[in-house]
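Chemist: Construct the complete structure from the given sequences, taking the supplied hints into account.
Numbering (the working numbering), first residue to last: 1269 to 2000.
One thing to keep in mind: the hints can contain errors.
What the hints assert, rightly or not - The following label-pair restraints were derived from C-beta to C-beta distances:
#1 T1840 - R1771: 50 to 56 Å
#2 P1659 - W1807: 45 to 51 Å
#3 R1587 - P1556: 36 to 42 Å
#4 E1924 - L1741: 37 to 43 Å
#5 R1587 - A1564: 24 to 30 Å
#6 R1587 - E1973: 50 to 56 Å
#7 T1974 - I1622: 55 to 61 Å
Hints in this document: simulated from the structure, not taken from any laboratory. Ideal placement from N, C-alpha and C gives every residue a C-beta, glycine not left out.
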Amino acid sequence: QYGLAKLIGKIGVLRGDVGEITVAERPLALRAALVGEALRPAETTELWAETRARFTAGDITEAFADVTLLEAAGERDEAVAIAVSLKRAVEQPGQRAALVTGDRALARRVSVELLRFGVVANDSGGTPLINTPAAGLLRHPLLGVGLKRTSVRHAAEIVELVALRGGTGRPDVASLPVLFEARLTGLGSTRPPFWFSRLTVRNIERARELLVRLADALAPLTAFRSQAEADLAELTRASVVALESLGRTADGSLSELYAGDAGEKLAELLRGLIAASASLSFAADEWPDVMEALIAPETVKPAQGTDRNIAIWGALEGRLQSVDTLVVGGLNEGVWPRKPEGDRFMSRLMKTGIDLEPPERRIGLAAHDFQMAMGAKKVVLARSARSGDAPAVPSRWLQRLLTFIGKDHAAVLRRRGDEFLSWARALDAGKRRDFAPRPQPKPPQAVRPQHFSVTEIETLRRDPYAIYARRILGLMPLDPVIRDPGAAERGTLFHAILHLFSRTVADPLVPEALAGLIAAGRACFAEAALPPDVEAVWWPRFEKLAAGIIEWERGRAFAVTMRHAEERAEKTGVGQSGVTLSGYADRVDLLAGGMADILDYKTGSSPSKAQAHTLLSPQLALEGALLRRGAFKGLGAREPSQLAFIRLKPNGEVFEESILEYNRKPRTAADLAEEAWARLEKLLIHYADPTTGYLSRALPFREGETDGDYDHLARVLEWCAGGDADDEGGEA
1269 QYGLAKLIGK IGVLRGDVGE ITVAERPLAL RAALVGEALR PAETTELWAE TRARFTAGDI
1329 TEAFADVTLL EAAGERDEAV AIAVSLKRAV EQPGQRAALV TGDRALARRV SVELLRFGVV
1389 ANDSGGTPLI NTPAAGLLRH PLLGVGLKRT SVRHAAEIVE LVALRGGTGR PDVASLPVLF
1449 EARLTGLGST RPPFWFSRLT VRNIERAREL LVRLADALAP LTAFRSQAEA DLAELTRASV
1509 VALESLGRTA DGSLSELYAG DAGEKLAELL RGLIAASASL SFAADEWPDV MEALIAPETV
1569 KPAQGTDRNI AIWGALEGRL QSVDTLVVGG LNEGVWPRKP EGDRFMSRLM KTGIDLEPPE
1629 RRIGLAAHDF QMAMGAKKVV LARSARSGDA PAVPSRWLQR LLTFIGKDHA AVLRRRGDEF
1689 LSWARALDAG KRRDFAPRPQ PKPPQAVRPQ HFSVTEIETL RRDPYAIYAR RILGLMPLDP
1749 VIRDPGAAER GTLFHAILHL FSRTVADPLV PEALAGLIAA GRACFAEAAL PPDVEAVWWP
1809 RFEKLAAGII EWERGRAFAV TMRHAEERAE KTGVGQSGVT LSGYADRVDL LAGGMADILD
1869 YKTGSSPSKA QAHTLLSPQL ALEGALLRRG AFKGLGAREP SQLAFIRLKP NGEVFEESIL
1929 EYNRKPRTAA DLAEEAWARL EKLLIHYADP TTGYLSRALP FREGETDGDY DHLARVLEWC
1989 AGGDADDEGG EA
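Modeler: Encoded structure:
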């Protein structure tokens, strides 16, 4: 009304000269009057008590006889119920229905839900171009590079397994062929991965051809890397060349790339960028962000041929069109109305000074849109109680309307909405199915493992199913995608440095010991070939540790006669179990009295002293038991004197943490080692019984963890949800 008043005032028309085109039917006239009163300015709401008395209960019932309030628990429930209401609304011939909402996510959800009824809604908002196959580029199967689709898929699988899985690094598309060849050559120097049999000559050649074509296709773009500044038009041309090279099919056609409305929209955008008269220069490495920003506002409007009886509109389209049933969706604060956005360039005062409208003007327009929407013959008001993970606040206009008409009439509207919600729930209802039981496979004794390493014993206790999957079924997890070096790689690197130092510097008391440790560090860092930014952080950290390591080494040097690094324990039978155990010790120091210390370097906090002392993490104690039995062939049978972790802290602190005492309960190394051995024998005999199953997550490290290599096979999330985890235990 404010906008119309300004308009007629500007053109010189008096308010009394504006006539009504037609007189609304009584129910709609009553509804318009009620909604108008509910939305009156906040300064005059004290008049509600007076104006409400003008309407009888019968008037309100008549006005809202065709109005439904749909309050769903969540956003998905809201979308399904809206889809049901739209479908129901057009079941009678000639009836039309529409959803009006400013929430594009809700509009897309409703579009998807309507597909289950075979309805392709006419969505005026369209689909963001960036979400279409044409703009997906490498993320989509449109990748062709002039090869058959099946050839590309098979070759890409080999490239992924060889070059992009396992280890660390930063693969670059331009040098990907070199990385592929280097890793392919390196496969011969290590234990072959489980997928090694897939590497046929034909598959390798396919992968090489794909990599060459990929590098050639992207060459126009990679050529800009050395340029500090590039022009928008030049980069767009290079992107078009790369895009078409990537999307070209085996017969040289680009029809799939530019197919449909999305392809046409992408082509139109690219042509516009190339033809743009304005020059825009920026750093070449900013092009991906610039391109994404240019594509983001573009939408692909729906093609003709969609269902003409059901439409999805924004508020603007809703003002100009009418239907038999109108659904007003997303009636929560932040959508109806949207929050006023602050202007980055002009303050409220500056806008007022040049007679620009304040942000609140749009709130008034949104209120007008809501009032106009209520003028449809049949109206469904829809909202969800939650938005994302947080509770949602009902739209202020919905709250005003329900408050004005009263609780009893509001309850009637909700009951009508409950009918749609029940139909929506019934769509996905089915016969109750029990959750998958907690797996506990019981393979025959003949196929059960007859040998373990010390590092596997904790897994056997905590997650026996993982041992079953790896050792009995022979299922090996796929290596993670190549990534930047992390904490695990840092720990491995520092271990390697200390092992090299132990071998090259026999006596830490010599003056050049620190220099020897630094030299060992430089050699291992050079071999690791870390990215410069990672090395810039890790090397100073190692230098801080170096002085602490030498100080710790010298503090125990007088009692040590010989230091042994990476000492191997040969297979040794475990009591009457018939199973053997082997392993490696990070460090074994021989002492003057004939005993030995077993030390384990740790750059992290796991396992804790408590876990090692209580034998939840029995590796160190079992190494002590192997030492007593002469498993370390070069050392002979010896008594362990100390079992300890050497903690290498980020601040450069180095300290020895013995596991022999916890909660003021000291034990000797021999006692702890023998208890670990006895427990292991009992555990192995238990699993030698064919009636013993390999239980999933018998003793998880943390309650609720589901990140194990085989948790998806064990369907952990399912049986946990089914309540079959009563005997699951965690650690304090």
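Chemist: State for each hint whether it applies.
Modeler: So, going through the hints one by one against the coordinates:
no., hint, result
1, T1840 - R1771: 50 to 56 Å, "25 Å, violated"
2, P1659 - W1807: 45 to 51 Å, "49 Å, holds"
3, R1587 - P1556: 36 to 42 Å, "38 Å, holds"
4, E1924 - L1741: 37 to 43 Å, "41 Å, holds"
5, R1587 - A1564: 24 to 30 Å, "26 Å, holds"
6, R1587 - E1973: 50 to 56 Å, "53 Å, holds"
7, T1974 - I1622: 55 to 61 Å, "58 Å, holds"
In the structure shown, a violation is registered for the earlier hint numbered 1 alone.
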